[in-house]
Amino acid sequence: MSPVVCCAPPGDPARRRDGAGLSQVGAIAANTFRETIRDRVLMVIVVFALVMILGALWLGSISLGQEGRMMKDFGLLAVTGFGLIVTVFIAASLVRKEVEKRTVFVLFSKPVSRGAFIVGKFLGLSLTAAAVLAGMGLFLFALVWAIEGRPSGMVLAATALVYLQVETVMAVTILFSTVASAILSAVLGLCVFVAGQLSDNVLSLTRLGHNAVTEAASWVVFVVVPNLTAVDVKAAAVGEQAPDWGSVALWAAYLVAYIVVALALAVAVFRRREV
Amino acid sequence: MSVAQSGERVETSPGGAGDGVALAVRGLRKTVHVGFWRRPVEILRGVDLTVRRGEVVGLLGPNGAGKTTTVKVALGLMRPTAGSVELGVASLSRVGYLPENPYFYEYLTGREFLAFCARLFGLGGREREERVARLLADVGLERAADVQLRKYSKGMLQRIGIAQALVNEPELVLLDEPMTGLDPVGRVEVKRIIQRLHGRGTTVLFNSHILSDVHELCSHVAIMREGRVVWDGEVAAALAQAATLEEFFMRVVGGGEAAGVAP
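As you go down the protein sequences, you meet chains A and B in turn.
For what it's worth, my numbering labels the leading residue of the first sequence as 2, then goes sequentially.
For what it's worth, my numbering labels the leading residue of the second sequence as 35, then goes sequentially.
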């Protein structure tokens, strides 16, 4: 049987079913934020992260005059690690959980498109990640201020760029979760983070070997995997040195573009899937 | 009005189903591919079904007959392999749906969940608040309105599920196993809701295994077996051929093509 071509004109109420409207995206984002921020597991992880940052006080006390440096080093590591854990594990289950528990049927029987669903979920989790990282970053900022006696803007800048890294990994993890299980998506998301820390170095190393094949392979990896180290200013924050902000801004724009592409792919894949 | 196309997403075309028809399913086929070798399995093998406006219709059939798939395809949640679905309502935004064994956002309260569903239909401000309050009253959940859904019983979840299906004041409501797993009190409450919908002129199609409920609520039934509707008609016509709906159902699904029962 040939498909029936349908003919409701654009703007017709009949088309509302496809609802890619901002109000649907906003509703899903707000709902996702509310749901995830109330999750007890998230709270436990955040409290644990704050305890870890406090633990840096002890490390600082045994480091002979390097308290502030140790606090920033260890604290930013904790912010990155826990921010990553929170977002990757929630992002991996965000789409899968709704499919497995059939909540997508409730949503897609309403004027909600697949695109609005993916984008709304991403934005909602982005708000949660922003709240979590802002909480941890401000806590670290206050501790460093108390120890060093002066505020460190670089701690806040480093935290903001950790947020951009985490957002990139979140978008990729959501893309994985449209085709893979939650566990596999989380593992792949973490792998992308690790690869994103190494791809720049691997490319530099393979260039030293002057082997066309390995160099080409590392170029492919460099292009496919987001270059997360390019916006990593933790070392500069610890040493209170100013990074090349122009370069950081360019790489930040690249990561934003990467996020957009990853989400567009996630929407395209999810549109083709039957839930 | 609405037309589901083979292999494509459901779109809408007002008036497509014809006068007095709320849902018309024609020659609906659905094949899925399962397992590593992508073995094709035909779930629907040419479903024909017509639901007239204002009716309460029971869609019956043993497990695996294709009831849930028929409803999902009708809603555009699944793409048909072939066939068409036409809805006789103004738009798909005028259809309400309760999935089987619904599971909702456990950290939201009942009120927040309904408000979220209302927002998806573009309802805002006072209108949304009033709609949510009325629905909570309709399904008897006013006192639990501000309790998180993870603390709801199965019956309460089923009722909040029905409430979300009604948040857009639909003309056609599709309920997938609305009575499954409920205790007698829960079943009575859900039956009352369906009767109230019928009283307001809303068309209701629901899947069920509980034949006594179908007998009590429905004017018409359609019986599916192995991906086809093998009998459909008035409940009275079924009861003219058997002592009980259960006996009639067993004859239809147990024997050959409609087991010699008259339409």
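Hints should not be assumed to be uniformly reliable.
To be verified - Calculated Cβ distances over 12 Å to all of chain B for the following chain A residues:
#1 Gln-25
#2 Gly-27
#3 Leu-55
#4 Gly-56
#5 Leu-108
#6 Ser-153
#7 Leu-157
#8 Val-224
#9 Leu-251
#10 Val-257
Said to hold, decoys possible - Pairs of lysine-lysine, DSSO-like flavour, derived with a Cα cap of 27 Å:
#11 Lys-225(B) - Lys-185(B)
#12 Lys-188(B) - Lys-102(A)
#13 Lys-225(B) - Lys-102(A)
#14 Lys-102(A) - Lys-185(B)
#15 Lys-98(A) - Lys-185(B)
#16 Lys-98(A) - Lys-225(B)
Think of the hints as simulated: they come from the structure by calculation, not from any bench.
We put the beta carbon where it would ideally sit given N, CA and C, even for glycine.
Going through the hints against the structure:
no. : hint                    : result
1   : Gln-25                  : violated, 6 Å
2   : Gly-27                  : violated, 8 Å
3   : Leu-55                  : holds, 28 Å
4   : Gly-56                  : holds, 30 Å
5   : Leu-108                 : violated, 7 Å
6   : Ser-153                 : holds, 36 Å
7   : Leu-157                 : holds, 30 Å
8   : Val-224                 : holds, 32 Å
9   : Leu-251                 : holds, 38 Å
10  : Val-257                 : holds, 28 Å
11  : Lys-225(B) - Lys-185(B) : holds, 23 Å
12  : Lys-188(B) - Lys-102(A) : holds, 14 Å
13  : Lys-225(B) - Lys-102(A) : holds, 25 Å
14  : Lys-102(A) - Lys-185(B) : holds, 17 Å
15  : Lys-98(A) - Lys-185(B)  : holds, 19 Å
16  : Lys-98(A) - Lys-225(B)  : violated, 30 Å
Checked against the numbered hints given earlier, this structure breaks hints 1, 2, 5 and 16; the rest are met.
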